[in-house]
Amino acid sequence: MSPYDLLPRFKAQYDANNQEFSISGVVRPQAIDELGPSIALLRDAIGRVRGVLYVNVRRLTQMNNAAFHAFSRIIIDACRARPDLKFVVITSSVVGWTSRKFGRLSGIEPNITVEEYDSEFYPGQGFLEEGGFVPILRSQTKMTWRHERAILPRHGMRQGIVMADICCGIGDFAVLVQKEFQPSRIVALDHSISSLNYARQVMREFDIRGIEYTYGDASEMLLDEAQFDLVTCRHSLQIFNRPELILKELYRICKPGGRVYITNEKNSHCLGEPRAESIRWTYNEVAKLFGHFEMDVELGPKSRRYLMEAGFEDIRVETFMVTNLDGDPQDFADVIAAWADVYAGEMATRRGDGAEFVARFRQGFQDHIFAALHPKGYAGWPIWVASGRRPQ
Amino acid sequence: MGPVQHDLAGEPTFEPMIQIDMEIKGFVSAWRHCDYVSTYMARMISQNRSDSVRHSNLFSSAFNELLEVAFRTRHADGELACRVSRHGATDRIELTFPCVPEERQFYEEAVSQVAGTEARERYLNSVSGDLAPSREIVLLELAVDYNATLRVEEADGDVIRLVVDLPLEGLQH
Ligand SMILES: C[S@@+](CC[C@H](N)C(=O)[O-])C[C@H]1O[C@@H](n2cnc3c(N)ncnc32)[C@H](O)[C@@H]1O
Chain A
1 MSPYDLLPRF KAQYDANNQE FSISGVVRPQ AIDELGPSIA LLRDAIGRVR
51 GVLYVNVRRL TQMNNAAFHA FSRIIIDACR ARPDLKFVVI TSSVVGWTSR
101 KFGRLSGIEP NITVEEYDSE FYPGQGFLEE GGFVPILRSQ TKMTWRHERA
151 ILPRHGMRQG IVMADICCGI GDFAVLVQKE FQPSRIVALD HSISSLNYAR
201 QVMREFDIRG IEYTYGDASE MLLDEAQFDL VTCRHSLQIF NRPELILKEL
251 YRICKPGGRV YITNEKNSHC LGEPRAESIR WTYNEVAKLF GHFEMDVELG
301 PKSRRYLMEA GFEDIRVETF MVTNLDGDPQ DFADVIAAWA DVYAGEMATR
351 RGDGAEFVAR FRQGFQDHIF AALHPKGYAG WPIWVASGRR PQ
Chain B
1 MGPVQHDLAG EPTFEPMIQI DMEIKGFVSA WRHCDYVSTY MARMISQNRS
51 DSVRHSNLFS SAFNELLEVA FRTRHADGEL ACRVSRHGAT DRIELTFPCV
101 PEERQFYEEA VSQVAGTEAR ERYLNSVSGD LAPSREIVLL ELAVDYNATL
151 RVEEADGDVI RLVVDLPLEG LQH
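The listed protein sequences correspond, in order, to chains A and B. Note that UniProt numbering gives residue 154 to position 154 of the first sequence, counting from 1, and the numbers run on in steps of one. Note that UniProt numbering gives residue 154 to position 154 of the second sequence, counting from 1, and the numbers run on in steps of one.
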């Protein structure tokens with residue numbers, strides 16, 4: 001037998017607390033007997049639950065018709081035997097066939113509903129995906145790139161590697177990497193359809209090759225295990241309420257010996273002179289505002305711990321400060337203005353902040369801009385870079 | 001995409017992408033060959049699709065079913081040929097494999113049923129029915145869930161050629 005045969009290709013689990021049966025992986029049996037234990041588990045779950053049984057197929061990447069029929073039959077039979085019971089099948093919008101195939105079940109039995117789990121999954125996901133973030137991301141990447149292009153080679157970036165950029169946003173970073181380092185392949189994944197459309201349009205217009213944009217969920221990716229020399233995930237761990245789940249996925253797709261590279265902020269450490277006090281106050285509030293939406297924009301210095309706990313070795317951490325002196329101070333000012341728009345605008349409104357607070361909150365951003373454009377001023381935005389190697 | 005090109009028969013021209021041939025004996029010696037071949041070919045042909053990862057997942061899912069159909073052939077000799085070609089958003093799979101004359105007739109009937117209006121209903125009935133999905137149902141499902149169009153093409157000797165057009169690029173977002 002090859003090692004391939006020894007790998008468990010799928011996994012079925014039952015979580016009694018949530019009344020949830022889940023099956024994940026590749027389920028392509030030749031004969032139904034191969035599914036024996038999983039089928040028994042489902043039957044057993046049906047016997048125990050009251051009200052609703054959730055059937056989670058979000059991480060099911062493949063299932064042949066033979067297996068689909070076997071599981072469907074049990075569910076359909078249960079509907080007929082126990083009209084009190086409802087089934088909710090949870091599919092993923094990422095795995096194209098699951099919603100269509102499982103969706104048919106609700107046409108057969110009204111007690112089966114099929115839901116595509118999606119963007120509502122993470123507390124802060126809404127405004128990050130479709131909100132006013134695009135202009136912010138553009139200018140941010142332009143400014144961070146000046147630093148990162150020198151930093152990346154210390155974290156495993158080289159010509160010819162196979163890399164993935166997870167939570168790629170509008171793809172600017174992937175494009176810059178492609179030009180500067182010429183990896184042999186870049187897979188760039190995000191969960192925002194509009195950002196990906198934008199990225200693809202840029203790729204077409206500038207005739208860029210070697211980048212594959214894909215729609216996906218960073219916490220449950222369709223990408224195979226161990227295929228990338230370098231996996232980058234920039235400014236994004238900090239937006240998930242459970243960053244460790246994302247790191248686990250980054251680890252999984254990274255080759256043994258390859259590296260995972262993350263960048264994150266510590267917003268309360270943004271600074272400026274003059275008007276330091278007002279600036280400090282506002283960025284402390286930024287951290288709290290994100291915290292309200294379960295995002296940790298103070299994550300930067302915690303990167304080392306996260307990487308260690310995810311099982312990485314040879315962890316390297318460094319910081320850099322984007323400042324008004326890097327290039328045109330106006331660029332810096334534009335980024336701050338964009339932050340002010342979203343943070344003191346949409347986000348503050350959603351939290352229900354009063355006018356007085358918002359005015360003071362905005363003032364700090366204005367002061368930061370003032371510092372950035374002041375002939376003797378200094379304005380900074382610190383970033384934490386960290387990477388770890390997946391053990392061989 | 002350039003202008004649509006048609007050959008003499010009025011069919012658009014499909015550009016060949018990849019072909020794999022193997023002895024049917026070797027192929028049916030292990031079930032996992034269906035999974036290997038479908039996964040490998042899906043990856044190869046999806047690279048220049050707008051979302052290669054998701055395209056590959058969908059393609060593999062559909063193609064694997066066809067390979068599982070071929071796996072169940074009752075004819076033990078000859079070659080299995082899988083060919084994928086492309087026209088715009090549509091990928092065409094041509095699967096040629098040996099079969100006995102009754103099977104050939106069976107496939108011809110099955111494919112003509114797929115085109116019928118009640119395809120969807122027949123498929124739903126099969127899902128709630130007792131029997132494990134037959135080869136016919138598998139073909140139906142391709143039409144129902146992947147908008148595939150299927151036909152059987154003339155081939156020499158004891159072989160059958162299934163031609164399946166998959167408009168997967170259009171199925172995605
Ligand atoms: C702060 S942005 C960072 C974007 C990019 N890395 C950059 O530095 O410009 C966060 C990105 O994560 C994406 N995102 C949010 N939830 C996601 C998920 N579950 N899976 C994949 N991407 C997600 C958002 O669409 C957004 O593009």
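Hints may be right or wrong, so weigh each one.
Okay, derived cross-link-like pairs now, DMTMM-like style, lysine to aspartate or glutamate, Cα gap no bigger than 25 Å in a straight line [to be verified]:
hint: 1; chain 1: A; residue 1: 86; chain 2: B; residue 2: 35
hint: 2; chain 1: A; residue 1: 248; chain 2: A; residue 2: 220
hint: 3; chain 1: B; residue 1: 25; chain 2: A; residue 2: 220
hint: 4; chain 1: A; residue 1: 11; chain 2: B; residue 2: 156
So the derived label-pair ranges between C-beta atoms look like this [claimed, not checked]:
hint: 5; chain 1: A; residue 1: 40; chain 2: B; residue 2: 18; range: 36 to 44 Å
hint: 6; chain 1: B; residue 1: 30; chain 2: A; residue 2: 74; range: 23 to 31 Å
hint: 7; chain 1: B; residue 1: 147; chain 2: A; residue 2: 355; range: 37 to 45 Å
hint: 8; chain 1: A; residue 1: 19; chain 2: B; residue 2: 30; range: 18 to 26 Å
hint: 9; chain 1: B; residue 1: 40; chain 2: A; residue 2: 305; range: 18 to 26 Å
hint: 10; chain 1: A; residue 1: 11; chain 2: B; residue 2: 31; range: 32 to 40 Å
hint: 11; chain 1: A; residue 1: 117; chain 2: B; residue 2: 121; range: 24 to 32 Å
hint: 12; chain 1: B; residue 1: 47; chain 2: A; residue 2: 113; range: 32 to 40 Å
hint: 13; chain 1: B; residue 1: 147; chain 2: A; residue 2: 248; range: 30 to 38 Å
hint: 14; chain 1: A; residue 1: 117; chain 2: B; residue 2: 31; range: 46 to 54 Å
hint: 15; chain 1: B; residue 1: 121; chain 2: A; residue 2: 41; range: 45 to 53 Å
hint: 16; chain 1: B; residue 1: 25; chain 2: A; residue 2: 197; range: 45 to 53 Å
hint: 17; chain 1: B; residue 1: 11; chain 2: A; residue 2: 150; range: 53 to 61 Å
hint: 18; chain 1: A; residue 1: 311; chain 2: B; residue 2: 74; range: 45 to 53 Å
So these bits of chain B aren't anywhere near chain A, every CB distance computed over 12 Å [claimed, not checked]:
hint: 19; residue: 13
hint: 20; residue: 60
hint: 21; residue: 68
hint: 22; residue: 78
hint: 23; residue: 104
hint: 24; residue: 158
hint: 25; residue: 165
These are computed hints drawn from the structure, not numbers from a lab. Every residue, glycine too, gets a C-beta built ideally from N, C-alpha and C.
Fill in: Structure-inconsistent hints, enumerated in ascending order
Per hint list: 1, 3, 4, 7, 8, 9, 10, 14, 15, 20, 21 violated.
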